[in-house]
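2 protein chains.
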Amino acid sequence: MTAKYDIFEASFAGPASGNPYLEVSFDAVFAQHSREVRVPGFYDGDGTYRVRFMPDHEGEWTFRTRSKTAALDGKTGSFAVTAARPGQHGPVAVKNKFHFAHADGTPYVPFGTTCYAWTHQPLAMQAETLETLGKAKFNKIRMGVFPKDYPFNTNEPLQDVYLPGADGKLDFDRPNPQAFQHFERQVGKLRDMGIEADLIIFHPYDRWGYSNMSAEQDFRYVAYLAARLSAYSNVWWALANEYDFLLDTKPVAQWDRYFHILEENDPYGHLKSIHNGDQSMNFDHRKAWVSHVCIQNWDVKRTPEWREQYGKPVVNDEPEYEGNIWPSWGNITAQELTHRFWTTVMRGGYAGHGETYADPDDLIWWAKGGKLHGEAWKRIGFLRSIVEEDARDGLTPMGHNAAWPWSRISGARDGKVSYIYFGEHQPNQWTTGLPREDGNFEVDLIDTWAMTVTPAKRIAALVPHPTRHGEVVRGGKPDAAFGVELPSRPYLALRIRQLD
Amino acid sequence: MTAKYDIFEASFAGPASGNPYLEVSFDAVFAQHSREVRVPGFYDGDGTYRVRFMPDHEGEWTFRTRSKTAALDGKTGSFAVTAARPGQHGPVAVKNKFHFAHADGTPYVPFGTTCYAWTHQPLAMQAETLETLGKAKFNKIRMGVFPKDYPFNTNEPLQDVYLPGADGKLDFDRPNPQAFQHFERQVGKLRDMGIEADLIIFHPYDRWGYSNMSAEQDFRYVAYLAARLSAYSNVWWALANEYDFLLDTKPVAQWDRYFHILEENDPYGHLKSIHNGDQSMNFDHRKAWVSHVCIQNWDVKRTPEWREQYGKPVVNDEPEYEGNIWPSWGNITAQELTHRFWTTVMRGGYAGHGETYADPDDLIWWAKGGKLHGEAWKRIGFLRSIVEEDARDGLTPMGHNAAWPWSRISGARDGKVSYIYFGEHQPNQWTTGLPREDGNFEVDLIDTWAMTVTPAKRIAALVPHPTRHGEVVRGGKPDAAFGVELPSRPYLALRIRQLD
Numbered sequence: 001m002t003a004k005y006d007i008f009e010a011s012f013a014g015p016a017s018g019n020p021y022l023e024v025s026f027d028a029v030f031a032q033h034s035r036e037v038r039v040p041g042f043y044d045g046d047g048t049y050r051v052r053f054m055p056d057h058e059g060e061w062t063f064r065t066r067s068k069t070a071a072l073d074g075k076t077g078s079f080a081v082t083a084a085r086p087g088q089h090g091p092v093a094v095k096n097k098f099h100f101a102h103a104d105g106t107p108y109v110p111f112g113t114t115c116y117a118w119t120h121q122p123l124a125m126q127a128e129t130l131e132t133l134g135k136a137k138f139n140k141i142r143m144g145v146f147p148k149d150y151p152f153n154t155n156e157p158l159q160d161v162y163l164p165g166a167d168g169k170l171d172f173d174r175p176n177p178q179a180f181q182h183f184e185r186q187v188g189k190l191r192d193m194g195i196e197a198d199l200i201i202f203h204p205y206d207r208w209g210y211s212n213m214s215a216e217q218d219f220r221y222v223a224y225l226a227a228r229l230s231a232y233s234n235v236w237w238a239l240a241n242e243y244d245f246l247l248d249t250k251p252v253a254q255w256d257r258y259f260h261i262l263e264e265n266d267p268y269g270h271l272k273s274i275h276n277g278d279q280s281m282n283f284d285h286r287k288a289w290v291s292h293v294c295i296q297n298w299d300v301k302r303t304p305e306w307r308e309q310y311g312k313p314v315v316n317d318e319p320e321y322e323g324n325i326w327p328s329w330g331n332i333t334a335q336e337l338t339h340r341f342w343t344t345v346m347r348g349g350y351a352g353h354g355e356t357y358a359d360p361d362d363l364i365w366w367a368k369g370g371k372l373h374g375e376a377w378k379r380i381g382f383l384r385s386i387v388e389e390d391a392r393d394g395l396t397p398m399g400h401n402a403a404w405p406w407s408r409i410s411g412a413r414d415g416k417v418s419y420i421y422f423g424e425h426q427p428n429q430w431t432t433g434l435p436r437e438d439g440n441f442e443v444d445l446i447d448t449w450a451m452t453v454t455p456a457k458r459i460a461a462l463v464p465h466p467t468r469h470g471e472v473v474r475g476g477k478p479d480a481a482f483g484v485e486l487p488s489r490p491y492l493a494l495r496i497r498q499l500d
Numbered sequence: 001m002t003a004k005y006d007i008f009e010a011s012f013a014g015p016a017s018g019n020p021y022l023e024v025s026f027d028a029v030f031a032q033h034s035r036e037v038r039v040p041g042f043y044d045g046d047g048t049y050r051v052r053f054m055p056d057h058e059g060e061w062t063f064r065t066r067s068k069t070a071a072l073d074g075k076t077g078s079f080a081v082t083a084a085r086p087g088q089h090g091p092v093a094v095k096n097k098f099h100f101a102h103a104d105g106t107p108y109v110p111f112g113t114t115c116y117a118w119t120h121q122p123l124a125m126q127a128e129t130l131e132t133l134g135k136a137k138f139n140k141i142r143m144g145v146f147p148k149d150y151p152f153n154t155n156e157p158l159q160d161v162y163l164p165g166a167d168g169k170l171d172f173d174r175p176n177p178q179a180f181q182h183f184e185r186q187v188g189k190l191r192d193m194g195i196e197a198d199l200i201i202f203h204p205y206d207r208w209g210y211s212n213m214s215a216e217q218d219f220r221y222v223a224y225l226a227a228r229l230s231a232y233s234n235v236w237w238a239l240a241n242e243y244d245f246l247l248d249t250k251p252v253a254q255w256d257r258y259f260h261i262l263e264e265n266d267p268y269g270h271l272k273s274i275h276n277g278d279q280s281m282n283f284d285h286r287k288a289w290v291s292h293v294c295i296q297n298w299d300v301k302r303t304p305e306w307r308e309q310y311g312k313p314v315v316n317d318e319p320e321y322e323g324n325i326w327p328s329w330g331n332i333t334a335q336e337l338t339h340r341f342w343t344t345v346m347r348g349g350y351a352g353h354g355e356t357y358a359d360p361d362d363l364i365w366w367a368k369g370g371k372l373h374g375e376a377w378k379r380i381g382f383l384r385s386i387v388e389e390d391a392r393d394g395l396t397p398m399g400h401n402a403a404w405p406w407s408r409i410s411g412a413r414d415g416k417v418s419y420i421y422f423g424e425h426q427p428n429q430w431t432t433g434l435p436r437e438d439g440n441f442e443v444d445l446i447d448t449w450a451m452t453v454t455p456a457k458r459i460a461a462l463v464p465h466p467t468r469h470g471e472v473v474r475g476g477k478p479d480a481a482f483g484v485e486l487p488s489r490p491y492l493a494l495r496i497r498q499l500d
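Protein chains in written order, with the UniProt record's numbering: chain H, 1 to 500; chain F, 1 to 500.
Incorrect hints may have been included.
Heads up, the list lumps identical chains together, so a pair's fine if it works in one copy or across two of them.
[As the list claims (entries may be wrong)] In silico SDA-like links for lysine to any residue, alpha-carbon gap of 20 Å or less: (1) K457 - A358; (2) K169 - Q159; (3) K301 - D278; (4) K477 - T154; (5) K301 - Q279.
For the record, the hints were derived by calculation from the structure and aren't laboratory data.
If we strip away everything but chain H, and leave its shape as in the complex, we get (with noise of 0.2 Å):
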């Protein structure tokens, strides 16, 4: 028995001699009704062959294995598939163009986070953000698949992701099974924490050899990714961190063929992006395998821009992170980061968070795992649960083109609850983005930093001295039914709800 969207799991003995990563390949065809998919086995090791798959419907299913390998040809069985778990609501794809929904239905409002090589520390440490994560409400977490070899990550990988060969050396023909066994556990836990794994294929931060794989090599462990992890709920696939920075060997045709790859061997299509490190190499997130746009960008007010250009759901996953480290990309206030995650959401889009103070230790969240040690990550969870309250299609930001004030403040609609973020404004009145009619509205006054909701204080909508200037905006009518007293102060929203 297996509730939908776990794992069905069923393994088979088979060769264990020559090279079966190179010279063994199995799928299954797994069947409910008239309805077939096709999901790729991988081996695992001392002549273990497994097969896994994630339903998506409650009731029976059978499989029949396939394979050039008699052992692993013809294999066939059954199980029955029940109801999902409680709080399992399946795999998250696009919705409404911009943003995210579990195969339930139920929103995804991601609220990310950065551990880039948090599964290779130590047993301890990796407990240790378990643990960290149970506390914070983020939602998304980004992870290699490789270890990390970068300024302040020199310590050697709990276990190498390739066994040796006869040299003593990698061999990239080799994935060790142990490591990858490791790695999908701590997917597992993730999962059930509700946590989504956005798992990095590729990146620049080695000195392994990883980064440095042939193509074929490189294609080859896309697909066993895909056989080993698609069936994990939670799986985002993130092809790279800063693939730009691998273009000198990885050209763009061959990053689209991760893609393609991967649309061949995972079944349930999940969610697919790649992230850039200089700000003008944005892929091109238009293309068709791209499922949503992946960037690093500190400018986040032009969140609705990177909407209009890609017409796909906006994650900035590197908006700067918080911290006192010494590369410019780790060291913005928590004040700041903050601000940018407020300001990126009320804009339409979804941003990611990193946390990067120095430890004597090296002992890093943005890379690690462990301890938080900063302040931005509550804001964040204040600002997941305030969405969450309301969440229904996903924001919208209000004007168009940047158009005035939006260009300057922040502001979005989800239904019937809309927001206006002022940031770094501080206006003593607002009307703008008010109610235009008369009705039974709650206004709530929202300090992000303090982590307050008060209602807020209504006054007269502002009526503005007509003016041949912007008039058709602004000509001496009001543009709302009521204003808002505002104690001119920074980092306050406003949160309208018609109650109807």
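Using the hints provided, position chain F relative to the given structure of chain H.
Quick look at chain F alone, frame taken from chain H:
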């Protein structure tokens, strides 16, 4: 006797009947040795005609008038020009492509403010404005020739700029000499205080009809301004504030014509630019008749882009204003405006100040002058004093094409001094951009808000862990001879002076 860069004026009696503004023209040719300068004259009412000349060379000058009107033709005279008064450095022009200097070579580093309609307020308030300017350290002010009708600007002007016609309405073929006499008196006071008068010729904030004159009336008005005001050494021509809000009646070709009329009638070629409303509506500042870039844009980290786009000095006259009024261009915090000034200047541009705190009587600095109530103006004065201490050729931003880390933090060099401004970044140490060679350097830590300068604590240059990632710039070698310890708080800058 006239001092160099001051005004020599000659006046003549001529026809007072009919409409001399339309019917009489005259100019004078001023000569020294083989040099001749054509200077247009103007009618100043009551049968009086004047011609004003700003000599730029000492010694004897002569002039001869020319007119089809006999009374104004062939008048001659001569006068001696002495050395410039102390503090009078002559008109400002572009120097070193992206910067400015006075005619005598003194660097001019603009730190401007904005009081659109200060010359149209009651005289006591005008005196207060001048008193405030005497305490602040602004060296440029944006000010309109016409009065202003706009939110918070509903009072009547001190004088009409044109005389009433028979129907009691303003006759845009009859300038009011007294209004212009007053205006230029105030321009002269600013000149004597060392403040450039950035004169806004057209703007859309109007209920009197000034923004709806005919094209011919506009052309005559621009020529009249040139004749009256060009001899003031501190004049800059701002063709418009928010020209794009006037495009419905004044197409781009007409704006070009205004520029050309100034070229034809301003013998000194004062600086000329034009200011936009919508951030996407920058004028094409590449045109030969635009001397420098004047823009309104909050996204000040993009300053180097505008330098590259236009190849001229960039003056961002509206990076939003400090205040708390409801329009969102006028309600950022003092901290934020100070931050935008530092960011702009440390990326090779120039910024403009405005202050817009709500006032029960709508007495707001940005439009009316009077008193300053905020906090940014002091910090801007501090920034000016910092930059002027070492100003030589102007600041060139570090990095190129927004290279790492200079897209995130700001830094600039001018001769033997360089600055690094961290803004919202708070690294605990810094190396990049510090001197590459050992030498006699003085390194100071500047707190841009507290306005303090203290010696920075030097430490060993950072030697980053070598990685494939970004190896070119920081592949295991320090990129400077030493590093600096920093206190992990925002809004700090470093100043590095080479003492040899």
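Results of checking the hints against the structure:
1. In this assembly of identical chains, K457 and A358 lie within 20 Å of each other by CA distance solely across copies; the values are 18 Å between and 43 Å within a copy.
2. Taking CA atoms no more than 20 Å apart as the test, K169 paired with Q159 passes inside one copy only; the shortest distance there is 14 Å, against 87 Å between copies.
3. Both within a single protomer and between protomers do K301 and D278 lie at most 20 Å apart by alpha-carbon distance, with minima of 18 Å and 15 Å respectively.
4. In this assembly of identical chains, the alpha carbons of K477 and T154 lie at most 20 Å apart only when taken from different copies (16 Å versus 63 Å within one copy).
5. Both within a single protomer and between protomers do K301 and Q279 lie at most 20 Å apart by alpha-carbon distance, with minima of 14 Å and 13 Å respectively.
Hint compliance for this structure: no hint is broken.
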